[in-house]
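Participant: Okay, here's what each chain looks like letter by letter:
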Amino acid sequence: MPETDPMETTYLGAIREALQEEMRSDDTVFLLGEDIAAYGGAFKVTEGFLEEFGPDRVIDTPISEAAIVGAAIGAAHMGLKPVAEMQFIDFIAPAFDMIVNFAAKSRYRTGIGAGLVIRGPCGAGSRSGPFHSQSVESYFANVAGLKMVIPARAYDAKGLLRAAIRDPDPVLFFEHKFLYRRVKEHLPKDEEVLVPLGEARVHREGSDLTIVTYGAMVYKSADAADRIAEEDGSEAEVLDLRSLRPLDTAAIVESVKRTGRLLIVHEAPGFGGFAGEITAQVCEQAFEWLDAPIRRVTAIDTPVPYAPTLEDYYLPGEDDIVAAARWLLAY
Amino acid sequence: MPETDPMETTYLGAIREALQEEMRSDDTVFLLGEDIAAYGGAFKVTEGFLEEFGPDRVIDTPISEAAIVGAAIGAAHMGLKPVAEMQFIDFIAPAFDMIVNFAAKSRYRTGIGAGLVIRGPCGAGSRSGPFHSQSVESYFANVAGLKMVIPARAYDAKGLLRAAIRDPDPVLFFEHKFLYRRVKEHLPKDEEVLVPLGEARVHREGSDLTIVTYGAMVYKSADAADRIAEEDGSEAEVLDLRSLRPLDTAAIVESVKRTGRLLIVHEAPGFGGFAGEITAQVCEQAFEWLDAPIRRVTAIDTPVPYAPTLEDYYLPGEDDIVAAARWLLAY
Amino acid sequence: MRSLYRLLWLTRALEERLETMFKQGQVVGGLYRSLGQEATAVGCGYALTEGDWVAPSIRDLGALLARGLDPREVLRQYTARAGSLCRGKDNTNHFTVPEKGILGPISPLGTQLCVLNGVALSFRTRREPRVCLTFQGEGASRTGTSHEGLAMAAALELPIVVVLQHNRWAFGTPSHSVAAVKQWSDVAGAYGVPAVGVDGNDVLQVYDAAAEALARARAGDGMTIIVAETYRMLGHAQHDGQKYVPEQELRAWREHDPIRGFEDYLVEFGFESASTLEEIRTEVAVELDRATDEVLAESYPAAREALTGVYGDQASAGVPWTRGPVPGYEDLARRARDFTTATVEGS
Amino acid sequence: MRSLYRLLWLTRALEERLETMFKQGQVVGGLYRSLGQEATAVGCGYALTEGDWVAPSIRDLGALLARGLDPREVLRQYTARAGSLCRGKDNTNHFTVPEKGILGPISPLGTQLCVLNGVALSFRTRREPRVCLTFQGEGASRTGTSHEGLAMAAALELPIVVVLQHNRWAFGTPSHSVAAVKQWSDVAGAYGVPAVGVDGNDVLQVYDAAAEALARARAGDGMTIIVAETYRMLGHAQHDGQKYVPEQELRAWREHDPIRGFEDYLVEFGFESASTLEEIRTEVAVELDRATDEVLAESYPAAREALTGVYGDQASAGVPWTRGPVPGYEDLARRARDFTTATVEGS
Ligand SMILES: Cc1ncc(C[n+]2csc(CCOP(=O)(O)OP(=O)(O)O)c2C)c(N)n1
Ligand SMILES: Cc1ncc(C[n+]2csc(CCOP(=O)(O)OP(=O)(O)O)c2C)c(N)n1
Ligand SMILES: [Mg+2]
Ligand SMILES: [Mg+2]
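For the record, the sequence lines run as chains A, B, C and D.
Position one of the first sequence corresponds to residue 61 (this note's numbering), numbered consecutively onward.
Position one of the second sequence corresponds to residue 61 (this note's numbering), numbered consecutively onward.
Position one of the third sequence corresponds to residue 48 (this note's numbering), numbered consecutively onward.
Position one of the fourth sequence corresponds to residue 48 (this note's numbering), numbered consecutively onward.
Simulated from the structure, these hints should not be mistaken for laboratory data.
Among the hints, erroneous ones may be present.
The calculated lysine-lysine pairs, modelled on DSS-like cross-linking and capped at a C-alpha distance of 30 Å, are [to be verified]:
#, chain 1, residue 1, chain 2, residue 2
1, D, K70, B, K104
2, A, K104, A, K249
3, D, K290, D, K229
4, A, K244, A, K104
5, C, K229, D, K229
6, D, K229, B, K244
7, B, K244, A, K317
For the chain C half of the interface with chain D, some residues (derived, Cβ under 7 Å), not all of them [what the hints assert, rightly or not]:
#, residue
8, V225
9, A226
10, G239
11, P241
12, R301
Only a predicted model underlies this, so the values are computations on that prediction, with no experimental measurement involved.
No residue lacks a Cβ here, since even glycine has one placed at the ideal position from N, Cα and C.
For reference, chain A alone in the conformation it holds in the complex (with noise of 0.2 Å):
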């Protein structure tokens, strides 16, 4: 068994740790953002970094993203590695424009690449109200030449992390800020933590039922997965994509075959959501398999309220997850 560190470290830990490792080997990774050098990020993700990295690796720029993300594709076209921080994830909204048009077709254009990381908290379940809680994948599902992470557990989040601060295209990197503190996990000491973009993780196994799902949703799904075990004696298998795109379509497909049967749950609203597109993978490659209809748990199709009850009832709860999965299991 390897060592892992005794100390727990949690998801933004991870995330920290992943910015710090990158920054001190390769110095050519730096960062810019809002509020992330003097005051350490707004969910303090890079406290400290700019005593060790120093103002030219750890900027401060005005309230500008599409100026943050537009910086960062200069910058990666001379050789430099940025890595943006969006304050919330939901400011990726006005740098939309310098996202799909330009990071996201400059290789395909010009020859020349945007490798940087655009990274930022996402997702619901903190009284954010709507514009603290969107979860934005959806948006950029259909723009070829971006890829896009959202990890679930603090390995992931630190392992993505670096393999996109490494890789040459444009990568969109969800955090899930309900995980940030609330996921703890040890990691391994004497190994490098790093997970190739575009592979899935079986986060439960099972041979009944396959639950495709990723980000905070994991959890949810391997809750609702270990009652059904319990109360039903059925084995639901746990799909952590953690990547969208480049999307683990032959591990999804090669779990639909084992089971006969597809859940696919996610956060955002279901309608023109990212299981649309998983749907149509599974469809076309494994129709002959399915043993029930493809289903789906998703936020209701609103925007993301503030009240409690709301917004409890807005995200997709572990009781609609059980509900769907016994619906496909008694199919």
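Given the coordinates of chain A, assemble chains B, C and D with the ligands onto it according to the supplied hints.
Facilitator: For chains B, C and D with the ligands alone, kept in the frame of chain A given last:
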């Protein structure tokens, strides 16, 4: 038979007419955008409007798509009915934040709606390169609060635009520029042309296969269907969605239940595209009726390239549709 | 004068009340204060008249109270009550209240001004003598949307006043370190409009400047930018202990407290007696006690209210893709069940 | 002087050549000219030195030629040849050529400056004495991204020069009708940087101003905005007949043609003889004839090249979701078939 206009109306002319008629009958309707007043618009859709309706109702703005949409929202709050033009729909990207965060969420958050239309030319085929050719529907597919329309016929362009202007919610109205002057129809003279949002339309009847499509692909799909009918004797039904939000799932499901086979065709790239949502809906609601996997024919997963050879290859072709349809029919 | 003082005090006392409630866990989510900046918001809000519209940033509570907003609405909003102006669907002051001419902000900075332009445009189009006023932090002035909004307001000669609040900070960063602007009134050069600078902590100076700029807008002479020099006396939000702020800077500005300064002025020049002011403060406290009790007795919205109000027409509300009961799945999700009822009732 | 003249003339002649080719249907897509503005582009481009970067708008061909760009590359690009700098994937001057320090624009206005900031930032970080220069129309200066880019360049004190080309028009609209700015150099006030105005049709004046601003940037003193007063002598693009332009205005500016003006100057003050200039023009014509023949003999890219170059790693290029052969469908689409070959060869 209702009387039709002896003069043919182009798709572009139909849009002009819709704007004119709504502006004549309702003086709260007004237009804003770049070069739309004195110049008459990049595609001359609003030529002569300044003279007829005056500078309060046909407003040239600075080059600032976010501000254009913003002003439209505010004016809509005050009971006006703004129609904002994006010179090319690609330039909706800088207004993305304003659309998904302000326009889409306004009613839900505050009870005050934003009944406005954002219209502009989309689509490829005119050798205009990566930034004047895009299909942008998937950016907005997951955004609750928006409506989204893309007509294929002149009749629908007129009828849907009129309905969009009257609609209480923000409507994205995508006009396929390849159809602007190529599509010509005799529009009825004595009946009101008004097409409600959210209703699909059978473009070509058939019982062996359902082709769900929209925009310029309606014509390629119909041509493919004709060829299959002629060469193979099979009848494909071509369903023109017209609206993507709201989506007429009932019509799709009804057709699929009849034919047992579904092919989805759209011009945007496949991965993360709108076909995913259609697939998911049909999987949920008509799985038992499917006699073959759901397939999609789309653009390749790249930006829209410029050279004629590349652009032709990028776009889904009639041959691709025929091949996929035959594959499904033979399944 | 008395009502100006009352508004200033009410702003501060109401925020302090919210702070107490925040510490007691009664506020849902974050809390943003305007301590030290009350004079700018109140002075501007007070200069508006019936029919005008104001678009506050999150720190302009005083302007809303000046528009006659009931403090209970503020308490309801921060405690996410069912009866709050946003029905619990959005937070802080993100409400739009047409009757009072209030356009709420959304979080992405700069967007609000663009939307207020549309309100101003409607006044222009209808030849109504109404005007708009909005606030903007110096941090927010660096956003693209802010620029587009200012440029459009200037180009279309909209009846609007933009108050740039130079409070030295944006979140955790001193503004001088991320903006090269030396004179904030120079910003107006990019738009070709006049700018006027005021001491944002002097409510009368603010009021005068606002009144004049509003009159200019009302006369059809277009936008004015008012630069209010002021200071953010607390952290960005309640959770921010403001450790990064030089103690000396804080102390200097504390000497220039807008409310204490106004009190001194009123008493010194004999406009009001100290005891009158004391009475006002007591009145406010009583009013807030009552308001707090009342609001805390109210409840959160019912869960399934989450499903309502996305669209303005029954047709869209009723289509299955807003998570309706999928045929064959009626037995499944509680939410699908609820949906049917909610849409029928809710729209 | 001679090389400056040659560049000016080459710019115009090359564009005229493109216009001819456009009319003959050899140009793919649109064509945008810089007639009347050549001096600004050439003067600025000429002031740059080895290692510097320039980011042109679509109307700054002259700056690229000054950077040593081969006219054949321009012809290839406009005719979508396989060997063009964008391999036929993008149009006009949307190419980025690191060896020549050229950052291509994309269509959404304002974005390019933000990206050039990143290039300048890399110079600053690496303590390299290199600088950047970019162009921007007065129309584009109203975009949010332009503002964010200028604000960031100023705040981070980047080594950059921004040339605001006030050519009176943006597409089909006179700029004064959609911008309230009176003095375009006042724009600099929003960023706290110096601005200098020049006659954009006087190549020497432009050159001097650019050289000075570049020296300032190179010395670490940050951004300068140069406002070049000039005029767009043709429509927005080839298809635009410019009917909306007052004949009188056009005529007045024709009197101030930047190339004829420079010719007169050179001859009058004895720098060059008329016949030398004539020789240069002939040389250019010969060069362009040869270039045109060469490029027209080249072909469009092979169709399946469309599939290549989206990603920088083989892994992503190979995954099925970039439209690979779906298992079981190998027999189906020609594109799926092509894909396998293309990705193996193409990356
Ligand atoms: C587009 C955008 N980016 C980032 C944020 C996060 N944010 C909220 S307030 C704030 C600082 C605002 O500073 P300023 O505009 O000066 O206003 P002040 O807080 O000083 O009143 C930031 C960065 C945001 N709301 N919107
Ligand atoms: C964001 C955006 N909106 C609209 C356009 C369409 N467009 C292309 S050029 C142009 C006018 C540009 O005017 P200006 O910046 O003054 O440059 P000029 O053409 O005068 O050189 C417009 C509106 C665009 N390219 N980008
Ligand atoms: Mg501030
Ligand atoms: Mg111009």
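Participant: If a hint holds in the structure, say so; if it doesn't, say that too.
Facilitator: Now for the hints, and whether the structure bears them out:
Straight-line distance between C-alpha atoms of K70(D) and K104(B) comes to about 22 Å, which keeps the hinted pair within the 30 Å bound. Straight-line distance between C-alpha atoms of K104(A) and K249(A) comes to about 23 Å, which keeps the hinted pair within the 30 Å bound. Between K290(D) and K229(D) the alpha-carbon distance is near 25 Å, which keeps this suggested pair within the 30 Å criterion. About 17 Å separates the Cα atoms of K244(A) and K104(A), which keeps this hinted pair within 30 Å; it holds.
For the hint linking K229(C) to K229(D), the alpha-carbon distance of about 21 Å falls within 30 Å, and the restraint holds. Among the hinted pairs, K229(D) with K244(B) is inconsistent with the structure: their alpha-carbon atoms are about 46 Å apart, more than 30 Å. Note on K244(B) and K317(A): the hinted pairing is violated, with a Cα-Cα distance of about 49 Å set against a maximum of 30 Å. For V225(C), the suggested interface contact is upheld, since its CB lies about 5 Å from the closest CB of chain D, less than 7 Å.
The beta carbon of A226(C) comes within 5 Å of a beta carbon in chain D, closer than 7 Å, and the hint placing it at the interface holds. A cut of 7 Å between beta carbons decides the hint on G239(C): the least distance to chain D is about 4 Å, and the hint holds. For the restraint placing P241(C) at the interface with chain D, the shortest Cβ-Cβ distance is roughly 11 Å, beyond the 7 Å limit, so the hint is violated. Interface hint at R301(C): violated, since its Cβ lies 28 Å from the closest Cβ of chain D, which is beyond the 7 Å cut-off.
When held up to the earlier numbered hints, the structure conflicts with 6, 7, 11, 12 and fits the remainder.
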